Every structure is written in C-alpha cells, then in structure tokens.
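K.L.:
Generate the whole structure from the sequences, applying the supplied hints.
Which chain is which? The protein sequence lines are Y and F, in order. In this text, residue positions in the first sequence follow my numbering: the first is 1, and each later residue adds one. In this text, residue positions in the second sequence follow my numbering: the first is 358, and each later residue adds one.
Simulated from the structure, these hints should not be mistaken for laboratory data. A hint or two may mislead.
[Claimed, not checked] Covered by chain Y, per the in silico footprint, the following chain F stretches (three or more residues, Cβ under 8 Å):
# : segment
1 : 613-623
2 : 653-666
3 : 707-715
[Unchecked claim] For the chain Y half of the interface with chain F, some residues (derived, Cβ under 8 Å), not all of them:
# : residue
4 : R4
5 : L5
6 : S223
7 : Q243
Remember, predicted model here, so these are calculated numbers, not experimental data. We treat Cβ as the ideally placed atom computed from N, Cα and C, and that holds for glycine.
Chain by chain, the residues run as shown.
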Amino acid sequence: MDVRLSPEQRALRDSAAQVADRLGPQAVGQLDDRERAAKLDAAVAASGWRELRTPTDDGTPLASGVEVGLVAEELGRGLADTPFVGPTLAAELRRLAAAPPAPAGVVETVAFVPDLGALAAAGVGALPTSAVAIDVLGASSALVLVPSDDGFALGAATLPGGGTGSDLTRPVAALAPGTNVAPVPDQGRVISPAALTGCTALGLAVTCADLVGTMRGAVDLASGYAKERRQYGVAIGSFQAVQHLLADALVATEGARSVALHAAWAADALAPPEALAAAALAKAWCSRAARTVCETAIQVHGGIGNTWECLAHVHLRRALLSTDLFGGTGPSLARVLAHRGIHDEIDLRIGASDAVR
Amino acid sequence: MQFGDSPDEGAFRRELRAWIGDNNPGLPTSSTSDDYWTGQAAWHQALYDAGFFGLSWPAEVGGRGLPSVYDVIVDEELAAAGAPPRPSLGYLVHGILEHGNDDIRRRFVPGLVSGRERWCQGFSEPDAGSDLASLRTRAERDGNEYVITGHKVWTSHSDVADWCLLLARTDPSVPKHKGLSAFALPMRQPGIEQRPLRMINGITKEFGEVVFDGPRVPAANMIGQPGEGWRLAMTILSHEREPGELGYVARYTKVVNDLVGLVRADPAAYGTEQVRDLGWAVVEAEMLRLHVCRRLSDRLDGISHGPEGSVDKLLMTSVEQAVGHAALAVGGAAHDDGDDTWLKVYLYSRAQSVMGGTSQIQRNLVATRILGLPT
Numbered sequence: 001m002d003v004r005l006s007p008e009q010r011a012l013r014d015s016a017a018q019v020a021d022r023l024g025p026q027a028v029g030q031l032d033d034r035e036r037a038a039k040l041d042a043a044v045a046a047s048g049w050r051e052l053r054t055p056t057d058d059g060t061p062l063a064s065g066v067e068v069g070l071v072a073e074e075l076g077r078g079l080a081d082t083p084f085v086g087p088t089l090a091a092e093l094r095r096l097a098a099a100p101p102a103p104a105g106v107v108e109t110v111a112f113v114p115d116l117g118a119l120a121a122a123g124v125g126a127l128p129t130s131a132v133a134i135d136v137l138g139a140s141s142a143l144v145l146v147p148s149d150d151g152f153a154l155g156a157a158t159l160p161g162g163g164t165g166s167d168l169t170r171p172v173a174a175l176a177p178g179t180n181v182a183p184v185p186d187q188g189r190v191i192s193p194a195a196l197t198g199c200t201a202l203g204l205a206v207t208c209a210d211l212v213g214t215m216r217g218a219v220d221l222a223s224g225y226a227k228e229r230r231q232y233g234v235a236i237g238s239f240q241a242v243q244h245l246l247a248d249a250l251v252a253t254e255g256a257r258s259v260a261l262h263a264a265w266a267a268d269a270l271a272p273p274e275a276l277a278a279a280a281l282a283k284a285w286c287s288r289a290a291r292t293v294c295e296t297a298i299q300v301h302g303g304i305g306n307t308w309e310c311l312a313h314v315h316l317r318r319a320l321l322s323t324d325l326f327g328g329t330g331p332s333l334a335r336v337l338a339h340r341g342i343h344d345e346i347d348l349r350i351g352a353s354d355a356v357r
Numbered sequence: 358m359q360f361g362d363s364p365d366e367g368a369f370r371r372e373l374r375a376w377i378g379d380n381n382p383g384l385p386t387s388s389t390s391d392d393y394w395t396g397q398a399a400w401h402q403a404l405y406d407a408g409f410f411g412l413s414w415p416a417e418v419g420g421r422g423l424p425s426v427y428d429v430i431v432d433e434e435l436a437a438a439g440a441p442p443r444p445s446l447g448y449l450v451h452g453i454l455e456h457g458n459d460d461i462r463r464r465f466v467p468g469l470v471s472g473r474e475r476w477c478q479g480f481s482e483p484d485a486g487s488d489l490a491s492l493r494t495r496a497e498r499d500g501n502e503y504v505i506t507g508h509k510v511w512t513s514h515s516d517v518a519d520w521c522l523l524l525a526r527t528d529p530s531v532p533k534h535k536g537l538s539a540f541a542l543p544m545r546q547p548g549i550e551q552r553p554l555r556m557i558n559g560i561t562k563e564f565g566e567v568v569f570d571g572p573r574v575p576a577a578n579m580i581g582q583p584g585e586g587w588r589l590a591m592t593i594l595s596h597e598r599e600p601g602e603l604g605y606v607a608r609y610t611k612v613v614n615d616l617v618g619l620v621r622a623d624p625a626a627y628g629t630e631q632v633r634d635l636g637w638a639v640v641e642a643e644m645l646r647l648h649v650c651r652r653l654s655d656r657l658d659g660i661s662h663g664p665e666g667s668v669d670k671l672l673m674t675s676v677e678q679a680v681g682h683a684a685l686a687v688g689g690a691a692h693d694d695g696d697d698t699w700l701k702v703y704l705y706s707r708a709q710s711v712m713g714g715t716s717q718i719q720r721n722l723v724a725t726r727i728l729g730l731p732t
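P.N.:
As structure tokens, this is what we get:
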C-alpha cells in the first residue's frame, strides 16, 4: 500500500490546477465573461482530459479513475464552468459498449433520470418520460441507456440547446418526453449490468472528487475573507468562534479527500460491487461534508455571503448538483448498509441529524 | 497510487492472520472493561514476540524497520479477527527517539517497544490541562540527581508503570515554556503515591493520578537538554493526535462490525434512526482507515511532526463519537450491568474530544497553524 501520487499524477493535477486558476471565474461577475469561458473551454478541450476514459488498444481506459478524480477535483476547486463529468462518463459508456469515441470536436454528455440519481434509460425512438442532460455547455448530444435482454446498449438524445439549473457553472437541460433517441452506431458489445455498476462507481467517484475540490475552494475563499474582513478593529479570523467554524470545514474536507481518493482508485482496481460500495461510502461522507462546508463559507462571509455577488453560493450550488448525481447522502448511506448486508426499506434520505458535527 | 497489498505486504498479512487465529486473547473491547487493561501487557508482549509490533521503528531499538504502512495491515487484521488493538505508545517512542541522546535511546526504547518495561506519561496536572506549560511539578537538582515534587493527573497506567516520562519545571526563573525538562523517572521507589481514577463508564485501570513527594531521578535520565521539555512534549502530543500512531482504527472497526452483526441478525428489531446511526458509524470508521492509509503513505517521504496531527485527532474524535452514538442507538442505554455494555462504549467515547488535547485546542491549532488565521 502506497497511496502517494506518482510524479505523472502530480503533474496532471498541477496542470489542471493551473488551468482552473488562470481561466476559471474569480468572481461572480466573471461567470458572464464569454471570452474567458471560451478560453477555459478551449484549454480543457485541448488538454485531452475529457478523453481520459477512451480505450487503449486492449480496451482498458487511457487513464484510471485516479487521474479522472485529480482533474475533477481541481476543476471543482476552481469552479470551472466547462463540461468534464458528462463527457468523461460518455466516453466511459462508449468504451464499455466498444463503440468508437465521439467524433473529434463534438462534446457528448450523458442524461440522468429527473432526480439525477441514475443514468436515464429508454428505448430508441421517442423518449417516453423526461430526462435531464448534465454538463450541456457546448454539448450537442447526451447518451442514454437502451435496455436489452442481457444489459444495455447506448442511444444518443439530441439536446434542445441552451441550459439552466441551480449550478451556475454547469447548466443542465431538461429532455422532454418525445425527444428523439438515435442508436449509437457501431457498438461492439452490450454493456453488462456488472459493467454498468462499475460505471456508476466511477460516476460517484468523480462527483466525490468534484465535491472535494468545491470544498477546498470554499475553505480557501472563506479563510481568505476571514483574514481581510475587520470588525472590532481586528480581522474576524482572529476570533475563535470563526476559527472553529473554518477548522471544522478543513477537517471535514481532509476526511473527504481520503475517501474520495480511495473511491477513485477502487473504480478500476476493485470488482464492480466493491467499487460501488467504496464509492457510495465516499459519496455519503463527501455529500454531507460539502453542504456543511459551503454553508460555513456563506456564514463566515456574513451578510455579504448571502448576496448573489459572493462566490460562496456558487460553491454551494455546484456542491448540490454534484451531490444529487448518482445519489446523495441518503441513497449512498443505503448502499453502504446494503453492502454490509443490511437492506432497509426505510427512506434514509438526509435529515437534520446528518449535518457534520 | 495503490491501496492494495504489494506481494511482500500480502505475505505479511497472511502470516499475521494465521498468527492471530491461534493467539487472539479474546479480550473485551478496550473501552469497556478493566479486564482489557489488565490483559494488555501480555497481549503487547505476545504481539511483539511474534514480530507484529513496533514494525516501523528502527531495528536498533527493537523495531523491524518496515515502512509505516505495515501498521495499517496490523490494524485491519486485528479488527477483522475481533482481536484487541495494538497498544498505543508510538508517541512516546517518537518523543524519545527525536529528543533523547544515544544512551537514552538504547537504555529505554527497547523495553518500551517490547512491552517488558511499562511506561506512563506524566504531563497533565490538576491546574495544568489545556495550558500545559503552566505546570508546577518541580525537579530540583541535588548532586547527580533531581528531586521531584508535584501532582500529575490523567496518567495512563500509572498503577503498573515501571517508568514515567515526566515533564517538570527545572528553571522557574525563565518564561513558562522555557523552564521545562523531561525525565525518565523510575516509578518503583518511595515518595510516589498512585491513585486510580474511576471514569464515567466505571473503568479504573486506564487513568490514575500520581503525587510525587521527593522521589529521585538521575540527571543522566533527562531526555533532551535542560529546557527542552516543551519541545519534547509538542513532539509527543503531535504524534499522540495521529490515529495511525494509536491503532484505534482496529478498535472502532471491531465495534462497528459487532453492531452490524447485531442488526443483521434481527433487522426487524431496529428502526430508521438506529440504522442511520449505524450507517454513519460504518462510513466514519472506514473513512478513518483510509485517512490513516493516506497519512502513513505520506510518511514514506519522511516523518514530520506538524500540525496535521490536529486534523487527524479531530477526525478520529468524530469517528469514535459516531461509533459511540451507534452503540447507544443500536445497543441501547437500558442496562449498565456487567463489564462489556454498549453504554460503556458510548460513555468512553466522550473522552476522545478531551484526551490528548481538547477538540477546542485542536481547532485553534488547525485554524492558526494550517489555515494561517491570525491569533
């Protein structure tokens, strides 16, 4: 066991951090700076990060869940408003179906069921119920699962254009019933249920990584503010009441880094059921922690933190979307318990008792 | 990046698993029973003699010189077998190795590591808790010896200790942090009165208080230089705050596994809140295992004695108290008879946010030393 990053992994993390720091939004007003956003999108497109899960000659992915997680974490930390999770999962689905990668220059994402708890499934033709495509900035289509007797094939839903949603950095698009789902050409095999479990594990792991990044960004933002904002003649960060809020936020974030790193490793290193259990455990911790950490960032900013112009709510909004993808705290806790042989019919969704102590 | 075993680690794990199968003493969970503390010395010696204790410490002081990640394997296998955790004294070893001279290291560390000589830690006093540097126990030079006068409390295993790692004031004329020195004090001599402390869950064998009325310690037993006591204390406390050093992962995991077993055996008997608390205990205990993997891997680049131990201590506290809450929720508070009740597990967990430095102090350290907030 040696969970240190390799030199190559550190280099990947550093370059993702540089792109996010250089081109990500530094203020709420910059979210509307289209020139900046286009540069960020171009830099991410040129980096090849969205293609980390495309297959090598033997069918294994170009890079493991660890590399995917490192990029996701840095993009989350920098509130990068460009697609990554969606295209990464689309590439993974194409790899699992032995389908050729999406054409060069085309950004493809994935569609979820309306509560975002699982990938959307539908037959080819008109979509029977609504679905939600994530990461639609600049994307032209979203993959959906097409159930078959022994697993799943892939279909591609046309995106309506435009996007909206709670996360100001990663808009989603509602796919209305009747949206056309075309078969994806040249699929070499059916995606088995076990392979789909592995894909869910990867999806949970990458959302955990994004949450870790979002938390780190929120802690940095709030700590920086606490050093500058003065009341009673001193920086508010000198008060223990403020210090303890931020210390707890950092501690929750450090725990999140440890579970998210393991989930990212497990996505490829463990069999799908174990990978899913590891990912669900990480998601439970990261979801609970992220909401509290982002709420702390708002609290430390005081009144300013409750205004649109403060970046703290952008972190919280990004965390809320990442939380819902593939299931947040309650569903993840239920998966953890199920893996330990406790199948509870009771709804374990997050309640007031689940805030970080 | 590898959470799995290397071939050598796998072989070590198999050897250890077989040994535990034959040698598990079946002691109760450490937090609930005096029987555990009574049996701990024999367990320590058995682990050491079989080659499974002191793995990451240097061979010349009785360790095996292995990478620190081997301790993770020990914790995992002890937990899986429901065996007692490894004794927690790595922080004393680090303190002596870091600050003691060659003679001190050779004389004291091998017996500490092998468990043949038992140690207690004389730091806290009735009037010096969080403000440790204000301690008043005096060590006064008399020829080649120092004479000790004072009162220590929260002194683990003082009743059976051969030695005390004692922090005492050797120079009252300088600022409080600068006048402290550390000693290896022989405990079996006149002038030392030991009294057990009864904790809220009833155990009496873990903590004691000790009154020193004139016992003597050779000047050669000073660990570090005169006035180095505060820095030694900080080294020890930074390690005492690391879950990887303490081996507690095994203890928490054992409790969680036992609780999971209870619920699996009769799921209909438990409601939403009980199952939810258990779910969080599973998550928290596993989080700590993985966090320790990360921290001990970082040590492959060299040991640091930094403020990160305070982050670890706060995480460890969160885990112990979440496990305590699950024990209370699943096991119930209805009975407190007998040595090994879930209520005792819960009650013991309250001490984790105090011992080794309160959670309030840890948050101060995280805020100022890691986040760089102003003091």
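K.L.:
Check each numbered hint from earlier against the structure, then list the numbers of those it violates in ascending order.
P.N.:
Checked against the structure, the only hint that fails is number 3, while the rest are satisfied.
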